[in-house]
Amino acid sequence: MSSMFEDNPNLIQDPPPPPQNTSPWLPHKTPTPLVLIHDGGGTIFSYYCLGDLGRAVYGISNPNYPSGKAWKGGIPEMARHYLGFIKTALPKGGDLIIGGWSLGGLISLEVARQLAEENASANAKADNHDNGKKTLNLLGIVMVDSVCPLELTAPPLPVVQHVAQWSEHTKQETRDRVMRCYSEATRMLGEWKLPVWDDDDDKDNTDNHPDNSSNNNNTTNPQQQHQQQNGTVKGNSNGHATTLTQVARNLPKPRPPPVILLRAREPVPVPVPGEGISKADIHRGDRLLGWASYRADLITSVIDIPGHHFSIFRSEETLATTTAAIRKACLDLEDLHARGVGTGMGVGVGEFE
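In my numbering, each residue carries its 1-based index in the sequence shown increased by 84.
Hint data in this document are derived by calculation from the structure and do not stem from the laboratory.
Keep in mind that the hints are not guaranteed to be accurate.
[Unchecked claim] Using 27 Å as the maximum straight-line C-alpha spacing, the simulated BS3-like pairs for lysine-lysine come out as follows: (1) K255 - K363; (2) K156 - K363; (3) K412 - K171; (4) K153 - K363; (5) K277 - K156; (6) K113 - K153; (7) K176 - K363; (8) K153 - K218; (9) K363 - K277; (10) K113 - K218; (11) K176 - K113; (12) K171 - K153.
[Stated by the list, open to error] What follows is a list of derived Cβ distance ranges for each label pair: (13) G152 - L415: 35 to 43 Å; (14) G178 - E401: 29 to 37 Å; (15) P355 - S251: 32 to 40 Å; (16) K218 - E350: 20 to 28 Å.
Glycine is no exception: its CB is placed at the ideal position from the N, C-alpha and C atoms.
From just these sequences and the hints, can you work out the full model?
Printed below as a string of structure tokens:
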């Protein structure tokens, strides 16, 4: 376990060897590397339990896990740090897929936004003829049961605290560090201002969410309402939202990459069924896990997997289906890229038994 935190990112799975006896006229396409970001507990142990994903797989653990140091800049600071890790792992640039379980999927969204802005800035400076710079091309995100943190309506039942289950061999020091990471993750999510993308000031998503707009007369969508409340956007002459950073830099505004969501089918067990729900289940009845309240076209497709939020990496059965679903999601993202399909294509549905 110690090397998991000494090296970032960790190479969890090696890339497959090139096929033998291939025609020299048909160049071999190496499968796109996958970078998985840690969950709320800060570790990447669960990703080591996955089966073969058919590609190089890197894991990023929370480098502050051993020390307990807080991320003063919250999730955006983590994302900047982790983007640096990714560049270290892929110094030549090229295609990649990112993702993660729970918090890892949320951090991936912030990484995607920062990378998109970085690439847009580089494109805006193309007249400098800096052709030697190696850029990263993000094909998409694989969210593994990552629930949208926006809560525009009250949960259907009171939220109850999940009681972590430990192996009898888990040291107390490890338990304390994991719980400290969970506490820090909760704080950061409460402060996080979700990323703003290119057409948030040109497109009104309110029509897609009548329940969210029925009690107000403005024309901002739920994402804009959330960000205006947190002081991150301002209105332009059309009453739409524009980030202060984008106004200051006058940069082209990027679009989100395709996102494939793996959704656990079952709710997390609670002490008294029917009298409460886990925080991970506040949007469980929604196939998109609440993400339409952020952006209607964010999720490209949903793959249902057996188990609940905390069991999808636990047993051999759930590990097999979670592995198959992640593998499929990566192949689907590669296919979308090959066909030139991006975000906004509508939601497809898949299922693993």
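**Proposed proximity, K218 with K153 (alpha carbon, max 27 Å)** = It is violated: about 32 Å lies between the C-alpha atoms, which goes past 27 Å.
**Asked** Are the Cα positions of K363 and K277 separated by 27 Å at most?
**Response** 19 Å, holds
**Item:** 20 to 28 Å as the expected CB spacing between E350 and K218, which holds or is violated
**Value:** Between K218 and E350, where Cβ atoms are some 43 Å apart, the hint is violated.
**Message:** Within 35 to 43 Å: is that where the Cβ-Cβ distance between G152 and L415 falls?
**Reply:** Given range 35 to 43 Å: holds, Cβ gap about 39 Å.
**Prompt:** Between K171 and K153, is the straight-line Cα distance small enough, at 27 Å or below?
**Reply:** 23 Å, holds
**Message:** Holds or violated: K113 and K153, Cα atoms, limit 27 Å.
**Reply:** Not satisfied, since the Cα-Cα distance of roughly 41 Å exceeds 27 Å.
**Request:** Could you see if the CB distance from G178 to E401 stays within 29 to 37 Å?
**Result:** Holds, since G178 and E401 (Cβ atoms, about 35 Å apart) stay within the stated range.
**Asked** If you draw a straight line from the CA of K255 to the CA of K363, is it 27 Å or shorter?
**Response** This hinted pair holds, its Cα atoms lying about 26 Å apart.
**Asked** Is the straight-line distance between the alpha-carbon of K176 and that of K363 27 Å or less?
**Response** 40 Å, violated
**Item:** 27 Å limit on alpha-carbon distance, applied to hinted pair K277 and K156
**Value:** Since the Cα atoms of K277 and K156 sit roughly 14 Å apart, the hinted pair holds (cutoff 27 Å).
**Asked** Are the Cα positions of K176 and K113 separated by 27 Å at most?
**Response** The hint holds at about 16 Å.
**Prompt:** Holds or violated: 32 to 40 Å for the Cβ distance of P355 and S251?
**Reply:** 21 Å, violated
Of the numbered hints stated above, those contradicted by the structure are hints 6, 7, 8, 15 and 16, listed in ascending order.
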